[in-house]
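Student: Residue-level listing of the chains:
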Amino acid sequence: MTFLTILFDGVAYGMLLFVLACGLAVTLGLMNFVNLAHGAFAMAGGYVCAVLVNTSGWPFFAALPIAFLASALIGAVFERLLYRHLYDRSHLDQVLFSVGLVFMSVAAVDFIMGSSRIFIKLPDALQGQIDLFGIGIGRYRLMIIVICGLLTVALQLTLAKTRFGSRLRAAVDDPRVAAGLGINVPQVFALTFAFGCGLAGFGGALSAEILGLDPYFPLKFMIYFLIVVTVGGSSSITGPFLASLLLGIGDVAGKYYFPKLGPFVIYTIMIVILIWRPNGLFGRTAAR
Amino acid sequence: MLMGRRTLLQAACIALATAAPIAAAQAQETFKVGLIVPMTGGQASTGKQIDNAIKLYIKKHGDTVAGKKIEVILKDDAAIPDNTKRMAQELIVNDKVNVIAGFGITPAALAAAPLATQAKVPQVVMAAGTSIITERSPYIVRTSFTLAQSSTIIGDWAAKNGIKKVATLTSDYAPGNDALAAFKQHFTAGGGAIVEEIKVPLANPDFAPFLQRMKDAKPDAMFVFVPAGQGGSFMKQFAERGLDKSGIKVIGPGDVMDDDLLNSMGDAALGVVTAHMYSAAHPSAMNKEFVATYKKDFGQRPGFMAVGGYDGIHLIYEALKKTGGKTDGDSLLAAMKGMSWESPRGPISIDPETRDIVQDIYIRKVEKVDGELYNIEFAKFDAVKDPGKTKK
Numbered sequence: 001m002t003f004l005t006i007l008f009d010g011v012a013y014g015m016l017l018f019v020l021a022c023g024l025a026v027t028l029g030l031m032n033f034v035n036l037a038h039g040a041f042a043m044a045g046g047y048v049c050a051v052l053v054n055t056s057g058w059p060f061f062a063a064l065p066i067a068f069l070a071s072a073l074i075g076a077v078f079e080r081l082l083y084r085h086l087y088d089r090s091h092l093d094q095v096l097f098s099v100g101l102v103f104m105s106v107a108a109v110d111f112i113m114g115s116s117r118i119f120i121k122l123p124d125a126l127q128g129q130i131d132l133f134g135i136g137i138g139r140y141r142l143m144i145i146v147i148c149g150l151l152t153v154a155l156q157l158t159l160a161k162t163r164f165g166s167r168l169r170a171a172v173d174d175p176r177v178a179a180g181l182g183i184n185v186p187q188v189f190a191l192t193f194a195f196g197c198g199l200a201g202f203g204g205a206l207s208a209e210i211l212g213l214d215p216y217f218p219l220k221f222m223i224y225f226l227i228v229v230t231v232g233g234s235s236s237i238t239g240p241f242l243a244s245l246l247l248g249i250g251d252v253a254g255k256y257y258f259p260k261l262g263p264f265v266i267y268t269i270m271i272v273i274l275i276w277r278p279n280g281l282f283g284r285t286a287a288r
Numbered sequence: 001m002l003m004g005r006r007t008l009l010q011a012a013c014i015a016l017a018t019a020a021p022i023a024a025a026q027a028q029e030t031f032k033v034g035l036i037v038p039m040t041g042g043q044a045s046t047g048k049q050i051d052n053a054i055k056l057y058i059k060k061h062g063d064t065v066a067g068k069k070i071e072v073i074l075k076d077d078a079a080i081p082d083n084t085k086r087m088a089q090e091l092i093v094n095d096k097v098n099v100i101a102g103f104g105i106t107p108a109a110l111a112a113a114p115l116a117t118q119a120k121v122p123q124v125v126m127a128a129g130t131s132i133i134t135e136r137s138p139y140i141v142r143t144s145f146t147l148a149q150s151s152t153i154i155g156d157w158a159a160k161n162g163i164k165k166v167a168t169l170t171s172d173y174a175p176g177n178d179a180l181a182a183f184k185q186h187f188t189a190g191g192g193a194i195v196e197e198i199k200v201p202l203a204n205p206d207f208a209p210f211l212q213r214m215k216d217a218k219p220d221a222m223f224v225f226v227p228a229g230q231g232g233s234f235m236k237q238f239a240e241r242g243l244d245k246s247g248i249k250v251i252g253p254g255d256v257m258d259d260d261l262l263n264s265m266g267d268a269a270l271g272v273v274t275a276h277m278y279s280a281a282h283p284s285a286m287n288k289e290f291v292a293t294y295k296k297d298f299g300q301r302p303g304f305m306a307v308g309g310y311d312g313i314h315l316i317y318e319a320l321k322k323t324g325g326k327t328d329g330d331s332l333l334a335a336m337k338g339m340s341w342e343s344p345r346g347p348i349s350i351d352p353e354t355r356d357i358v359q360d361i362y363i364r365k366v367e368k369v370d371g372e373l374y375n376i377e378f379a380k381f382d383a384v385k386d387p388g389k390t391k392k
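These protein sequences, in sequence, are chains A and B.
The first sequence runs 1 to 288 under full-length UniProt numbering.
The second sequence runs 1 to 392 under full-length UniProt numbering.
Chain B with its partners taken away, still in its complex shape:
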């Protein structure tokens, strides 16, 4: 009786011992990407674009890399940092993901940063755009952009292109203040003057009084940064007040003129000059194919958030190829650092020191092509690093 029990125990141990490696081997067959993006709420279009772009990439390149099957686990954080943190934790601990990715807004990316450091899991930021993000964890890699990249460039460009007096209108929150500071520094260094500086409350329904103030300040141009959704309201009221006919140009970082919203703004947006890393009208063969397939699958054109997601999943694919299937965080991260490739937006690379993206920034003007509004690129600044970090 006693013997019987012991043999049973031994048998169980043997069974467990042999089963464990099999289970482990099976786990290694899939490579899991935890994608945390806002799919509902005010930032939902960010999440939807990223999700769409990743689906498109996987459809084109297959779901097997270096012998591993790629599995994307999508979580909707509604751009609430508390959710982001909880979901990142669940993905890392329960689902044992190899990479966390996405992150629609800066606070969300920052909330997940300590978890990435602790668990040694690479965190691929595909949307959020303030400079500090990559400094918060050595495991963060970014494939989107930084606001300083576009805002400094438009500042330099404006100073060199006959714009002397600028009035600024920015939303009073972190990204708005980032954009304003970066622009101001470069524009005034180039000899320009800021004649009026207005910070609009984030929950501002009516731009009328601020626009009237802009009109009375009679600047050569207005520098504008408002959250994507408000851009349309802003442009409409800009035209309503006759500012489009008063010779005051609108300039800014390209977020305001996202391809996603551009057409709904109407002709008021014509002639707006912005600096940004992506336009759906970027004239490369790769981008033309990207835009065409995206339109075919999802019925609308991709915006810059879609490109951030497309490049983010590309980075993960290529890193896995480079490590030959090794999935630990440090190997993946080492593979990602310094990687360079051709993106729909143009040539890009990951800065090995800051893990931030290095990319060309284009100056674009809104024009009508075949009855639709597009940001048409007409000048280019090569391989721009994030100016928010170069001081160090």
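So here's chain A without its partners, still in its complex pose:
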């Protein structure tokens, strides 16, 4: 039964990684933009949620969508003002720019919110564990699994089935032809970028309880986002999703069964997968 509890914790952790990283999969994979500042948008969502719940007394579930919207809005503004100018630049320029943005966000949040770790006050219903046939099911983790599961399905459907999804794929694959067909490419990119940032913010709000929220969030978790996207391959949503699950379960189970090796399990998984499939689980060679 302990095995199932560990499995459950691992799935929840993996789902959390997925929500945090899938926005990056969208910007990095679909838009081919190396945005290392992804974690900064996640942190923004976390802090928006924390301030609404702790200071203004909003219910947790009402604050979650606001965290999404706030990060998406910040993302949209940044995209129009800054990111847009870097689409055609080299990946090195994009990396340098976005890393700079991370450091600025750390300093800014440290200045405004202080450097101590913040906790979001959760409703009682989300605290504690339910005992189901001897498996310890954490209520908060169960909520993460449900929300993230729904989100994944919605995301996959949006990209594969909707008109916006096909426009986006067209705009990415060949922006010039797409523009010729009457697709407003800059607008599609702006919307996609904002949406990716919104997802990050949503993930940030959800993860505060488990991962902790402080101004160093974007730096601490940058490595995890990158592992998920690298292992998953960046050309679809399925790849990062399966990668997140694999890494989440691997990390939790590894730490439980081999505590001495604990932190290395996740890296070992990454290395093995990358040797086997250098472009990630569902990778393909870049379209351009």
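There may be inaccurate statements among the hints.
Cβ pair distances, simulated, as ranges [said to hold, decoys possible]: (1) 203(B) x 184(A): 54 to 64 Å; (2) 367(B) x 142(A): 26 to 36 Å; (3) 134(A) x 172(B): 48 to 58 Å; (4) 64(B) x 260(A): 49 to 59 Å; (5) 150(A) x 379(B): 45 to 55 Å; (6) 32(A) x 370(B): 49 to 59 Å.
It is worth saying that the hints were derived from the structure and are not from the lab.
Just so you know, these numbers come straight off a predicted model, no measurement behind them.
Built from N, CA and C at the ideal position, the CB exists for glycine as well.
Position chain B against the provided structure of chain A, taking the given hints into account.
Tutor: Positioned in the frame of chain A, the structure of chain B alone reads:
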């Protein structure tokens, strides 16, 4: 023409000769304290508490001691030892400070140690807590605590109070390993057994797998040491996993239950037993006044770092009084050695041999008082020296 030039030169020399002592005399009027603490970054709360406490002390006791005006020069090293070293150098060489003080973490204190020795400037350590620090320079005096002081005491206490099996969970870095070693030695010497020993990586986001392992090991208690910021996450996940209802107690050195963070941990922290040198709930008249004025000025209660800073500046004040205004490092240091006084934490003194602090260590339990969480002291070990040094 030639004469004129010579007289001009002479005049200049005379002017310089008379001006120099005046300048020197003016320099002697101020006594400079170079305070190097992290004010930004992950350790910022340490620096802020120390800075606040020093402001509070100066406000209460005035800024003139033995005819000298005290000037505190604050530098933010963000807990990066390279910065600490550079700032200590600047303070000693350019600002000509009489004392360097502060030092949020052990590597920072160690980085400045050779400079203190070389320049013969007393280095007052107000926060960092590993045993070795005071051994790195004969000019280091400490007013905070050592991890071994609290960890050995909780080990002794646990062994004597019906705790037989303990699982340990400590962060895998120097202070965590110090705390673990000190605890293990005393707990097993008292007849206790360690049933599980887990070192958590410092950058660990999720405690779930480690806590599950603790739960399955079914110990009487868990010994925990994690960096202050992670304490809250740890306690929340501890409760989430139902460990608070499984009868497993949490024990540890008091750093995890810092007054600074205690309230944000929520009711999960209730009943945690720790050993430490300071609690904001310490029932002395002096502490009550300290907590009240600190709250009034800064809007929150002081933690143990604030007390380290408060006592550090007190030590500097009193040393200067004792030397009658003599400001050279050796006189100040001689005055500091063996000094004893009443602190908000209780009676304390500076060990004349090790220059480390000797203080009472209290066993405390987290309880709710007036809707707030406090570490309530219920047992006391008198005048504890740093056990990390007694072997010599």
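Student: Each hint should be assessed against the structure and marked as holding or not.
Tutor: Consistency of the hints with the structure:
1. Range check, residue 203(B) to residue 184(A): Cβ separation about 43 Å, and the 54 to 64 Å hint is violated.
2. Under the hint 26 to 36 Å, the C-beta atoms of residue 367(B) and residue 142(A), about 32 Å apart, fit the expected range.
3. For residue 134(A) and residue 172(B), the Cβ-Cβ distance of about 32 Å falls outside the hinted range of 48 to 58 Å, so the restraint is violated.
4. Hint check: residue 64(B) to residue 260(A), Cβ distance near 58 Å, so the stated range 49 to 59 Å holds.
5. For residue 150(A) and residue 379(B), the hinted distance range of 45 to 55 Å is satisfied, since their beta carbons lie about 52 Å from each other.
6. Between residue 32(A) and residue 370(B) the beta carbons are some 58 Å apart, a value that agrees with the proposed interval 49 to 59 Å.
Hint compliance for this structure: hints 1, 3 are broken, all remaining hints hold.
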